[in-house]
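**Student:** Chains as they are written, first to last, in the working numbering: chain A, 1 to 159; chain B, 160 to 737.
Among the clues, some could well be false.
[To be verified] Cβ-to-Cβ under 8 Å is the rule here; a few derived chain B residues that face chain A:
1) 185
2) 235
3) 277
4) 281
5) 286
6) 339
7) 340
8) 341
9) 464
10) 467
11) 468
12) 500
Think of the hints as simulated: they come from the structure by calculation, not from any bench.
Given the structure is predicted, the values throughout are model-derived calculations rather than measurements.
Built from N, CA and C at the ideal position, the CB exists for glycine as well.
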Amino acid sequence: MKHTVSVLVANESGVLARIASLFSRRGFNIESLSVGRTDNDDISRITLVVEGNDRVLEQLTKQLNKLIVVYKISDLTQESVVGRGLALIKVKATATTRSEIMQIVDIFRGKIVDVSTDSVMVEITGDEDKITAIEELLRPFGIKELVRTGKIAMARGKK
Amino acid sequence: MGSLTGAQIFVESLYKEGVETIFGYPGGAVLPIYDVLYDAKFEHIMPHHEQGGIHAADGYARSSGKVGVCIATSGPGATNLVTGLATAYMDSVPIVAFTGQVPRAMLGTDAFQEADITGITTPITKHNYLVQDVKELSRIIKEAFHIARTGRPGPVLIDIPKDVLQEEAEFVYPDNINLPGYKPNYDGHELQIKEAAKAINQSKNPVIYSGGGVIISEASNELRKLSKKGNIPVTTTLTGLGAFNERDKLSLGMLGMHGTTEANLAISNADLLIAIGARFDDRVTGRLDSFAKDAKVIHIDIDPAEVGKRKIVDIPIVGDVKRILTVLNKMVDKKDRKKWLALIDNWRKLDEMSHAKKDKKKLSPKEIIEAIDELTKGEALITTEVGQHQMWAAQFYKYTKPRSFMTSGGLGTMGYGFPAAVGVQVANKDSIVFALAGDGSFQMNVQELATVAKNKLPLNIAIFNNGYLGMVRQWQEMFYDRRYSSVCLKMQESCPPGCSSPGDHCPVTTPDFVKLAEAYGIKAKRITKAEEIRPALEEAINSPQPYLLDFIIEEEENVFPMVPPGGSLDNMVLKEEE
Chain A
1 MKHTVSVLVA NESGVLARIA SLFSRRGFNI ESLSVGRTDN DDISRITLVV EGNDRVLEQL
61 TKQLNKLIVV YKISDLTQES VVGRGLALIK VKATATTRSE IMQIVDIFRG KIVDVSTDSV
121 MVEITGDEDK ITAIEELLRP FGIKELVRTG KIAMARGKK
Chain B
160 MGSLTGAQIF VESLYKEGVE TIFGYPGGAV LPIYDVLYDA KFEHIMPHHE QGGIHAADGY
220 ARSSGKVGVC IATSGPGATN LVTGLATAYM DSVPIVAFTG QVPRAMLGTD AFQEADITGI
280 TTPITKHNYL VQDVKELSRI IKEAFHIART GRPGPVLIDI PKDVLQEEAE FVYPDNINLP
340 GYKPNYDGHE LQIKEAAKAI NQSKNPVIYS GGGVIISEAS NELRKLSKKG NIPVTTTLTG
400 LGAFNERDKL SLGMLGMHGT TEANLAISNA DLLIAIGARF DDRVTGRLDS FAKDAKVIHI
460 DIDPAEVGKR KIVDIPIVGD VKRILTVLNK MVDKKDRKKW LALIDNWRKL DEMSHAKKDK
520 KKLSPKEIIE AIDELTKGEA LITTEVGQHQ MWAAQFYKYT KPRSFMTSGG LGTMGYGFPA
580 AVGVQVANKD SIVFALAGDG SFQMNVQELA TVAKNKLPLN IAIFNNGYLG MVRQWQEMFY
640 DRRYSSVCLK MQESCPPGCS SPGDHCPVTT PDFVKLAEAY GIKAKRITKA EEIRPALEEA
700 INSPQPYLLD FIIEEEENVF PMVPPGGSLD NMVLKEEE
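Isolated chain A (complex conformation) (with noise of 0.2 Å):
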């Protein structure tokens, strides 16, 4: 099952390596990962996608805290989150597909960020399953170039 995990570390040089040096060592598996800040200068957040049972994110919790950068570790998977991806992706567009393709980006609350002769570039933001919607819809007018991030996710709420 995949999991969502929010790690929050000291913002100093090498903490990504810590971090990444310690999933290929253990083994672990990292869907997708995304670093920032958080509001306070001196912590970053990174958001990290895991594929693994309960067991191996067991693990990984208790490996990741035995970091000394690692300050805090939630698992976001089984509470009620927001989570968010953006993707910015280049699709062929000719004068007659383009209206077309203006009209899927605009069901899907997405903007058209570029136009070029044969070509517009189109930023989503969504969940996964969203951004891979658009993604199979634009396929057919022939993606030349696409970009995802990691997934970013907060917790709904008070917390």
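Use these hints to put chain B onto chain A, whose structure you have.
**Tutor:** Structure of chain B alone, referenced to chain A:
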């Protein structure tokens, strides 16, 4: 104190940490440190290879309980520490290793003697630091010692660029430590301890499986109380030897691949396993799903990541072993458990089968180790390398106190024991120290003979010389059809290809260890007859100088009992096939 250079801050900080001894090897990047050490009040021991230095720091730490400190220069000096760090990390030994680094402006430029040692050692240290600013140096040193010695101890490395050592700053040694990501848990969960006591009191056939954590936590007395009160037999791991007096009736000796029959059968027949400061290593458990298969499992350990890592545990208790046992002991009922102990006594007789005296021409390793045991009353400090002699040292010496057996358990580092003995002797100047070694392992850090000679350390070195990498040869004999591939230390071009029949016709191509020792100015003797064993040992022990004894043992002696790799503990090979 005014402004000090980084190197001076280094020295002052080590004074604050109470450091007395440093094992260090100089070099370009640490010149500023060595200039200050010229006047400093430390006992400085220079090894003859950085690996020897860190193993010595390791032996110093394991035998004294203090933090071992070592220094190496940048690049190759630093990379020579790698095996020592990994050894210490696997066995949870507190070490702070300092390495020099190229000046900050040259970092990342492939400068002369530059190596990314923090990158290299991330997976084999508890933590490491690259000091970027001299103002951070004292804080980092304080944190490093704290991290190394607390919680589950381990090695910490501090990499210091040369210009940081030269730069000046105000010296302030911080009073407090602020590590929000490091809060070891010491007190076990009270309800869990109650659960454990209940399980112990209900158990008919309990076994204590005691690991190195009991020694680290200084919990030998508490372990003895638990065992005595409930009449619970104790088996220890390799690194746990000495935590429980092996001359006690409740001692089962070591368990695992070369454990005693009584220990392995007790584990296999137990209804309750009390694992204390141990980590279910594969050399201990054999086939995991049959390890203590009928037992409820209590696991006490300070590292939460060890709990449930390999074996599923019924009653986990995370915290300091000593504190937990102190609470637990009050709740454990007195019991005699006569039936269970009688059953175990029967298994003890089986174990004797593995060590029956055979009629052989050359020396028996068992006889040698038993003679050392008798002559030192089980009170010597013993170090070993890795292989057959290591297992014999574990089986035949009867350890009576903690911190008396120093061996590389987790990493299995050949070349560990002899340099470690240097550190052990430095930390315990009045103790009898024995470095037991195979003729293969000994040559991995043989250069430390110079360190021993120079410092006049009254070490006793005993080489178990069988002309083979004995343990690998044993596996080739048992599992690879006696095809002795690259294990004969005497093999020459003139030998028949694939020779597997050693004897008097063999050439002598391993060094003459007696002459080698003498070349360093160390007294030495070769022993080939059984009646020479004791007199030679007595002479070495009584000599105030270092002494090397080269025991010529049976070439194809094997270690028994043995649980074949991947097998169950109750399925031991007890002795040689006739």
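**Student:** Now tell me, hint by hint, if it's right for this structure.
**Tutor:** Here is what the structure says about each hint:
no., hint, verdict
1, 185, "violated (27 Å)"
2, 235, "violated (22 Å)"
3, 277, "holds (7 Å)"
4, 281, "holds (5 Å)"
5, 286, "holds (5 Å)"
6, 339, "holds (5 Å)"
7, 340, "holds (5 Å)"
8, 341, "holds (5 Å)"
9, 464, "holds (4 Å)"
10, 467, "holds (7 Å)"
11, 468, "holds (6 Å)"
12, 500, "violated (36 Å)"
Checked against the numbered hints given earlier, this structure breaks hints 1, 2, 12; the rest are met.
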